[in-house]
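What follows is the residue order along each chain.
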Amino acid sequence: MRAAVVVFPGSNCDRDMAVALKAAGADVQMVWHKDAALPDGLDLIAVPGGFSFGDYLRCGAIAAQSPICQAVVAHVNRGGYALGVCNGFQVLTETGLLPGALMRNAGLKFICKDVGLTVATSDSAFTEGYHAGDVVSFPVAHHDGSYTADAETLATLQGEDRIAFTYASNPNGSLGDIAGVLSENRRVLGMMPHPERAVDAGHGGTDGQALFGGLLGQLTNA
Amino acid sequence: MKARVHVMLKNGVLDPQGAAIQHALGSLGFSGVEAVRQGKVIELDLADGTTEATIAQMCDKLLANVVIESYKIEVL
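Top to bottom, those sequences are chains A and B.
In terms of the working numbering, the first sequence opens at residue 1348 and continues consecutively.
In terms of the working numbering, the second sequence opens at residue 385 and continues consecutively.
One or more of the hints may lead you astray.
[Stated by the list, open to error] Below, simulated DSS-like cross-link-like pairs (lysine-lysine); rule was C-alpha separation at most 25 angstroms, straight line:
1) B:K394 - B:K445
2) B:K456 - B:K394
3) B:K424 - B:K394
4) A:K1456 - B:K386
5) B:K445 - B:K456
6) B:K424 - B:K445
7) B:K445 - B:K386
8) A:K1381 - B:K445
9) B:K394 - A:K1456
It should be emphasised that the hints constitute simulated quantities derived from the structure, not laboratory data.
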């Protein structure tokens, strides 16, 4: 599987993401935000966590207008896979590739801790390494992670089984305890918790391995 | 020409920062503050003749996230 990780000014989980993808067996390249094209033959683009462009205006808003994001949108529209974690999730909602928006945490505090997540569906390349109902532990580290969407969008997400992960104990006020959502074609996943920070025993847990391993298995066979 | 764009969370979208400000005003002894909403103001210096429709495009594409925010354009 060929993967690339976007690097924005202010990204800080880009190398963690690359390490997690490489550990799962992917061939990984880094791409700079000013690049107007993605590498040829790319299977997965990962949009990492961090504070792209200093979170100016709104988290992810400036990044979503960068040249590389136009290429990410084109990649997804061609049927390519994309994974956005934390700030990457915010960027993907700002591009319109995923529905809803991420708002300031209900408690107004930056939250940095391990949280329990329930795998809400195993029906995606990202979650097929789990069983629906599995409870996993991933770190969260965000100030603006409260997922919101209008009632119609929420009903669509629920009706189409597009909620990938929910919080076992809602830390940030997210609508419906939503921690991660899938696109309509199930090839784009955005999530606030960090699976790439849970892939090595040194991280304190390895629950994220199944996400990257499952993705590799799916995309390598595709 | 100048324009000022007011961006606010849509009605019905919970505003935890507004709620915190309301609480703090109460702590300071200001009674009767029934609700607080926090937004942002963006001032633009524009070429003369820029149309309100163009400013609206700026709002839709970047200045506001219309999923959760509404905006009001004030041409000065």
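Hint numbers not upheld by this structure, sorted from lowest to highest: The structure conflicts with hint 4 only, although it agrees with all the remaining ones.
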